[in-house]
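Construct all of the structure, not just a fragment, from the sequences and the given hints.
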Amino acid sequence: MFTVFIDQFWQLTISGIALGFIYVLIALGYTMVYGVLRMINFANSEIFMWGTFGAIVASRDLFGYNQTSEPAHGAKLALVLFIQLFASMAFAGLTAVTVEFVAYRRLRAKGTNRLATLISAIGMSMVLSEVMRLLTASRPVGSPRILEKVILVEVWGAQIRLDTLITIMAAGAIFIILERFVKLSRMGKAIRAVSMNEDAAKLMGINLNRVITTTFLVGGLATGAAGFFYITVYEYTKFNIGFTMGLAAFTAAVIGGIGNIRGAFFGGVSLGLAEVYASAILGTQWKSVTIFIVLVLVLLFKPSGLFGEAVTQTRA
Amino acid sequence: MKNFNLRDFGAGIWERSNRYQRVAIVLVTITLAALLPFAGASFLATPVAAYDAVLVYPVAIFVLMSLGLNIVVGKSGMLDLGYVAFFAIGAYTNGLLSMHTGLNTWEIMPIGIGAAMFAGVLLGIPTLRLRGDYLAIVTLGFGEIIRIVALNVSWTNGPNGISGIQMPPPILGKEFALDDQKLFFWVVLVMILLTIWMIRRLTVRRPGRAWEAIRQDEDAAELMGVPTLKYKIWSFTLGAAIGGAAGVLYAAKNLFISPEMFTLNVSILILACVVFGGIGNIWGVILGGAILGYLPDRIRFISDARLLVFGLVLVVVMNFRPDGLLPRKKREKALVKKGASA
Amino acid sequence: MNKKIKASAAIVAAIALSFGAFATTSASAATKTFTLAYQGPLSGGEASTGIDEQNGVKYAIKVFEAANPGYKINLVSVDDEGDPAVASKVAPGVGTNTKIIGLIGPAYSGATIASLPYYKAGNLTVISPSATRVSLTDPKSPTAKSDYGRPIFHRVVATDDKQGPALAKFATAGNTAAKVFVFDDQSSYAVPLRGYVEAALKNVKGATLVGGDSVPNTTTDFSPTIAKIKSAGANVVIYTGYYSQAAVFVKQLRDSGSTATFAGGDGVFNQQFAVLAGKAGEGAKLTGVAGLADVDPKIEADFKAKIGVSSGVYAVESIDAANIFLSGIKNGKTTRAAMNKWVKSYNFKGIAGANIKFNQHGDISEGGFAGFLVTGGTLVNKGPVA
Amino acid sequence: MSKVLLKLENLTMKFGGVTALNEVNLEVREGEILALIGPNGAGKTTVFNVITGVYQATSGSVTFDGHNLAGRKRFQITGLGVARTFQNIRLFGDMTTLENVITATDVHKKSGLVGALFGTPRARREEKENRAKAHEILQFIGIDEYADRLAKNLPYGVQRRLEIARAMGTSPKLLLLDEPAAGFNPQEKVELGATIKKVRDAGYTVLLIEHDMSLIMGISDRVAVLDFGTKIADDSPAVVQNDPRVIEAYLGVPADAS
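First to last, the protein sequences are chains A, B, C and D.
Anchor point for the first sequence: position 259 equals 259 in this note's numbering, and the numbering is continuous, going up by one each time.
Anchor point for the second sequence: position 299 equals 1299 in this note's numbering, and the numbering is continuous, going up by one each time.
Anchor point for the third sequence: position 337 equals 2337 in this note's numbering, and the numbering is continuous, going up by one each time.
Anchor point for the fourth sequence: position 173 equals 3173 in this note's numbering, and the numbering is continuous, going up by one each time.
Since the hints were derived computationally from the structure, they do not count as laboratory data.
Check before you lean on any hint, since a few could be wrong.
What the hints assert, rightly or not - Here are the simulated DSSO-like cross-link-like pairs (lysine-lysine), alpha carbons at most 30 Å apart as the crow flies: (1) 3152(D) to 202(A); (2) 2304(C) to 2058(C); (3) 149(A) to 2230(C); (4) 3173(D) to 3073(D); (5) 149(A) to 2179(C); (6) 1182(B) to 2120(C); (7) 76(A) to 2279(C); (8) 1230(B) to 3073(D); (9) 1174(B) to 2099(C); (10) 3152(D) to 1230(B); (11) 2357(C) to 2304(C); (12) 3133(D) to 1230(B); (13) 110(A) to 3152(D); (14) 1230(B) to 302(A).
Structure follows, in structure tokens:
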């Protein structure tokens, strides 16, 4: 049972961290919106899915790569990857803003119940995934290989591959940029102000609509970046991939304490690791069960996640 | 017409009626509902699926499940995204007992309900302390766990599912038939009526008040002496019981169950029924379950874009009627009148 | 516009949409019109399989109508989404619609089992091009009471218990010390097939089963599975799931530096596997039944001309299945009962050349699996695996 | 002297590094109105929260009517006879005024879910009793005319009174009122003062948090003063009013410095 785990520990750890960093970025999408609106953005998984298609459209239609093309090298490699990243973020960012506009804005203006918004978002995510299904005739779409997956070094039996390294470093960098943005920029401060106290923020003259749109955009950009890394690593997408990834990332956000950016980071990485370890020890079929049990245990001891604030309403 | 509102219109008729008129209204409504299976040739016809089968599942069973979920989400305000778990437990109880014992559907029914309630208590005790979205994700996880376990253990036949579930034994000498599902519809209708009766009974008395208080302000409720955890568990368990009953019926109707029938989508769909129809309002919830159960089969002529349209309908209706088609009753007006006359 | 009115307008629009006109096809009197049905996933995640199969059926009908003026065949599309829950909703309608005298499908075994009671009740003969679960034609299986499809169920595809040994054999061919790792995708197709493969491996000389896994079909990160493969030192990896996951997996396997042989069953047997997997797919060993292009490039060209797209998976089987019914219609078998008799006694060549004749359980007596090797991005037929 | 109903002994409450209550001792005697005053952030509401079980005290004990309240659930404490109102009104807005009170009267009823479902005689009787009692309380507080209005639609003053009525619904021995006069104009305050006295005269014991000195001086039998979590005075209104430490706490400067 544990032989694989012990035998391949470092390999599993590296894979888990790389997967975890993708979760971190998607979890950011959930957590940013949650922080401001106190609502689960159910459509975030489909925003991710649209992001993955952004990367494919860029490489396939912009640069003319196909399944049999040779991987890119040197400056061209950097250029293609950068454009892909940009395209993913743009696709996802635009989708996110559309979601906000169509599914959230009107309901928020009415100040209505949260569940209506939740169902509206669920409807929107059905629309997003169905549109993509019709566009792709329900078929999986492969991504051309842009980045050659060279094994750079082997340490303790663990391979460090180029794509893994790039994912961890670039995703980490994007995370830090976003975190700094929220912490330091004017708009970021406005976002935090709204997430702390909406009414007070309004009184301070913050344009709520702009802040919320920006939040969706930033969350969408992070989620889109995740889409790009997903494509670079797995070179595959389909209209229904959002669901599984979204669910895992959402769980990660909750474990970390939804609404908390550092929580999303911690939750994402630990979820990636938990998933890989559980798969190795218990069998891949039990990974989701393990994750949910971990989630329940975390919430039993920390009812608002590891970094979350207490939600007890009693402040009388 | 400007202020016409179906909910108030209906409530108004009810308020103005005397005891005998009310009995008449109830009887007429039940009769109309019971006659639904005969409307197959009208504009209600479903293009591909058999109309009377659609009336049983999804329509009637969705209505039943929506009523159950409404106790949890609508009455006591707990967001449950794993309602499918209880449906699955009911269905698998029927499947397994039907496979291993000679029990028939009606004998299995109480066992299925009991199993679902037991699961409800088991899940409820540790998790119902959580609030809002945290509860949502934990229940969601529970739903997935049930499905994954059913998929991976051998005694449920794994992904192959359980086939050959027995049809229910005849009722009053009338046999259940595969090509004519009217009887089955009436059975589910009776379950729905029982559930409505139960919910109405509970809502006007202590449990209803406790749930309502919990939904509006859990802390204040507890400080006013409401044993919140107890009533939350009751709410959860009753919801589970109805979900379990629906599962038993579903297995008996379908004769075949497999884990892929019990995905998160079911939970989400039932939640959509509740919110779409009018959360907290029994009639709204019934309407929501009926429409969302029925719609996909009615619009099969747009075959491939069906789910797309379904999603759009959700977005549009929620945007224009955020409290659902028939919102929760605002009882003030009606009560004032009654108080004045009394 | 007043808000309330706007709101009601939206609802009216939504309802109008749902109750709007729906097309019904009416038969014209001049030609003889008959109705067949195809059942399979035409929407949802599995839609591509169903659309491919239905295209095969449509092609057969076009060819038949062109060759037999005066006949018009209506094809009812029965979309079960490949989902047993949906199947049990649509099947009663099909079962009671006596215009339908024969049904090609259902595509998937789970949906078949859910539909069977209704078709048995209506004595509707079905011929599935792709439902491979053994119990459907096995009177001795523990679930025979419900799954066994006699007298109405037939299939023109070989069963999982025939494929299991073929796959085990073909995957380990030429490897005298095969250390085999088998994994599935948790689907009702892959899990039993994995069982048959593992059982068959015991009879393959030199082969040992060193490990396995069960990976949900939504997984894209296979690193734990690959870790297991490495830890077990496997040199043959058999996947019993479907092609899209297989392509993702095999890429990751190769990227990890493994050179183990990759093999898969007819779920992986799909040109799309080679396309998606690219270089990583080279040398993969797949078992399956030859596709239309492989059987006869001329028919394939005609197919593309008539339908507009290339033939897909199970095209040959779908055409064969449709042809059985069509020839019945030609021979005046226009009731369900007559059609059932016709199918039972059917004994003609299919388009692949082999004779199609059903045994008493509804299985074809002939037909087996061929081995294919992915070479240069295409699936090359290496002949039948006996 | 009448019997001690509620006794806080060396009550300390810490949140992280912040000490909200520091070794507070307090006695509430049966049938009196005790006012708890102090500057903002002095820990007054924290005292209420500890008594009602919202917080578990870091150390010290709360004894009510002979029962140690430590570790008891909030609804159990309410059941023993402690009820409170909220500084920021927390009524059940979607319920009617009457239902708000009935929800509270349920606490001493025996019938539960099963009784409600099958309409057992006891459940029916208790429903009737609840209704009668709720109307009685509403009449007592003087808001019975609003009985069938939704709580969220009530005028502000009525909502404040309903808070008290709802708390009385639990048939408490001790009533904790958290700034019941907040937002009231002087005239309303006078009326409220009369109501609170009436409540006391009806046999309830009242522990009151209030800022308005004239109201306090008018109705309370005793006044306790908290400052930074420490009790600095506890005596009759007249004495406390002239206590230099109290004046210092309120004005922020030593009394003799001015």
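Hints, verified against the model:
no.: 1; hint: 3152(D) to 202(A); verdict: holds, 24 Å
no.: 2; hint: 2304(C) to 2058(C); verdict: holds, 12 Å
no.: 3; hint: 149(A) to 2230(C); verdict: holds, 18 Å
no.: 4; hint: 3173(D) to 3073(D); verdict: holds, 18 Å
no.: 5; hint: 149(A) to 2179(C); verdict: holds, 27 Å
no.: 6; hint: 1182(B) to 2120(C); verdict: holds, 19 Å
no.: 7; hint: 76(A) to 2279(C); verdict: holds, 21 Å
no.: 8; hint: 1230(B) to 3073(D); verdict: holds, 12 Å
no.: 9; hint: 1174(B) to 2099(C); verdict: holds, 28 Å
no.: 10; hint: 3152(D) to 1230(B); verdict: holds, 27 Å
no.: 11; hint: 2357(C) to 2304(C); verdict: holds, 28 Å
no.: 12; hint: 3133(D) to 1230(B); verdict: holds, 25 Å
no.: 13; hint: 110(A) to 3152(D); verdict: holds, 18 Å
no.: 14; hint: 1230(B) to 302(A); verdict: holds, 22 Å
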